[in-house]
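Trainee: Protein sequences appear in the order of chains V and H. Residue numbering for the first sequence follows my numbering, starting at 219 and increasing by one per position. Residue numbering for the second sequence follows my numbering, starting at 1261 and increasing by one per position.
No false leads were slipped in.
Beta-carbon label-pair distances, calculated as ranges:
#1 V:Thr331 <-> H:Asp1504: 46 to 54 Å
#2 H:Gly1309 <-> V:Leu420: 53 to 61 Å
#3 H:Lys1462 <-> V:Leu420: 52 to 60 Å
#4 V:Thr283 <-> H:Ser1282: 40 to 48 Å
#5 V:Glu429 <-> H:Lys1389: 32 to 40 Å
#6 H:Ala1524 <-> V:Ala422: 53 to 61 Å
#7 V:Arg352 <-> H:Ser1282: 32 to 40 Å
#8 H:Ala1394 <-> V:Arg430: 33 to 41 Å
Just so you know, the hints here were simulated from the structure itself, not pulled from any lab data. All of these numbers come straight from a predicted model, not from anything done at the bench. Think of the CB as a built atom: it goes at the ideal place given N, C-alpha and C, for glycine as much as any other residue.
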Amino acid sequence: MALSIEDWLGYLLLLGRGGMVTVKLTIASCAIGFSLALVIGLCRLSRFAAIRWATTAYVEFFRSTSIYVQLFWVYYVLPLVGVNLSAIEAGILGLSLNTAAYGSELVRAAVQTVPREQHEAGIALNLTRWQRLRHVTLPQSFVVMLPLFNNLSIEVMKLTAIVSLITITELTFQAQIIRVQTGSTAIPYLASLAFYFLFASLIAFGFRTLERRFARGHEGVRG
Amino acid sequence: MEQTGAPRAESSIVEFVDVEKSFGSHRVLDCLSFSAKRGDHIALIGPSGSGKTTILRILMTLESISRGDVIVDGINLYKESVNGVHRTASERHVRDVRSKIGMVFQHFNLFPHKSVLANITLAPVLNGKLTKSAAREKALDLLNMVGLADKADAMPASLSGGQKQRVAIARALALEPQILLCDEITSALDPELVEEVLNVIKRLGQQTDMTMLLVTHEMSFAHEFADRVLFLESGRIIEEGTPDRIFSNPEKERTRAFLRKIIAAGHRV
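One chain only, chain H, in its complex shape (with noise of 0.2 Å):
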């Protein structure tokens, strides 16, 4: 166990302390803490540009941060200790927490050369975890699960975009993670196709003790799935609580302000 900061709360799977990210000058998390418990369903929401997305990419380690710790089930993910010598941690190091981790993308990012099988399929053979057979087992039961399984031949190309994040939701959790993050996973969609996603989503929150960390403009998904609701701006966490109160009870003006527009905009709430 390697970290700086010791844990807010035992059962901290997530934690984020005084995190900061810069591109060049700009500033995209400032100084950002917050804290995940094993199990819990916490939604990201605010303007783009707040740094929600981002938070979700530096766990994936698609991005590096400018300073703080990021730990992932009591081992810091970044930085491993050598001998007692602290470091930046190495491939292999970062690998292992990164298994940890699945992630959900906005634009799917399917393989298009593979099969939906073989998207499945693939980086649990390549990382050694199943058989090409129990894979595929695995692949095909993921594949019922997320009601496509007729299409494990299929190319992603023949696939309707509610189809193709449904593939990608069942690629991620062939490796088991024990966090899901989703970034904006129905934001590339036809509006017809949102339900299909989230009922997905939401029958995963119900039927498994995954963390789950999403950023959405799905405000009345985020009140019915989200335990906690974060709203961020400008790199910073505003306000934090249960949806109820985020939703119906905004402390800060801001968070106001944010919903008034996305109401405007259409949304439901």
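This is chain V alone, in the form it adopts within the complex (with noise of 0.2 Å):
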């Protein structure tokens, strides 16, 4: 089956077509997973025993079940108790839920590295709990946060390409596709790599432009 330039050109579309839903995949999980990371991680550093067990439990779920099956719960089994979600929902459902999970671990070791001495500065100064949070905690631990987070961007983006057994037609769904209706698996498959790759590569940048801004000053020791 040969192939005109004008044939590629249109797989080449859908493919593309295929790379912006991981696009906003990625985009919309990593917002709504590290949003509510932050807020569970901190909860895991809570001082009430019942939020601490609650936001436990909820992070051992995600963490030690399969998103394969989570997804399918949340498309197939969620309908049969009156919530439907179109696929794309689900699909940004079920990874920002195991992204929070992931992340909220971040947040927690980060917010962890900084000094005790830092919260009894808070105090002395006679700081409240969030403003000391606000003021002095979070942002020193931001700056630790950057670079686990572009790791766990990344590893979001990899993690999209799951939700094509939710019938989500994104990047790696529709190499498939295009390696069914042409035969050729070695340009498909580059083709969706090289797309990956370039936008990891973005995400990496964007984190480290964000980085190098909010280390400055920090550098050398604690003060």
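Can you join these two chains into the complex? Each is in its own frame, and there are hints to help.
Mentor: This is the structure:
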């Protein structure tokens, strides 16, 4: 089967459309996932045991069960109890909840790198709990979080391939379609590899720029 | 006014009444009582682990107490009576009392992500004590006082230990505390930087009526600066008196033994 340039351009367009779905899934899941991660990560350090337990249970559930099964639950089982989500909504929900579980551990770890003495300085200055969190702890742990979230964002991008299982035509799904239709394996998969790689590089570049901006003045030992 | 023990002196600003503090089975403070009058300069000396730092940390509410009462300016720090019922003080009550107290730490504990100026203005602005511009003006005055007017925009990481500690003193003073706690504030400094920090403290002692409690290993400074010296060991006050008496004529053998060790280690008394 000989394909013309026009045919290949058409397929490339198809792949590009899949790529845009991957980009959207990644951005939406990271935005929702990271926001949730911040809240859950801080809850895991709460002074109230009930809040700690609840959020620990959440994290353990999503870390210890297959995202594949979770997605099937969200997409195929939730409708049985009356919750109907579109494939893309279900995909974003599943990815976000997972991202939040992993991300909350990063938030917790980053917050714990802030030395106890910093909290004590905040108390000695009579700051409230919230003021200490907002002005002392979070700005310092944010610098630690950035490279960790860089990594997690790229993991989320790669994880988006799994939502093809609930009929979302993202990048990997489109590559499969093209392979079936053209019989060519090398070209569609090479193109999708290139796409993933470029997108990941863009994410990493963005985070490194942020890191440089926020690391200013932080060099050297803690004051 | 909530207090269980009657104040010993009308003008006591800090009073510890039978305070006990334990970490697990280890008793750090053992039925400890003392009081400080307004404007007192009290040096707490003693071997490490004697509980002197714990006294300051309890006053700053960085540690809780196991038993007893801590009374600051007539108000019980850890207990509150609401409609006649005594209970553990609420966060709000603690913050009210805490606003009278400032602390300078051994390791400075400046905020590394904030400039020198922002370190000083942060709390007065957040606490609603000063407007942004008033806080800035006050911070610059304080920096001037500690000899660091040119460092307002520097980041803490670029300062020497002595400079960091002077910024930390300015930061504590910005809240205008009535009581200043200094916890081994020169112990982490290179020897040649100790004096610039102690000079600031000396000047504060002369120019303000702040009550000052200092934990220190600088015996000559304690001798010169303090009105009263408390010698602690194993969570108890072994001996207290004027610096002249404690340093030149201690009554207790344990005080003598401690001072001998300190002198042998090369400290002047």
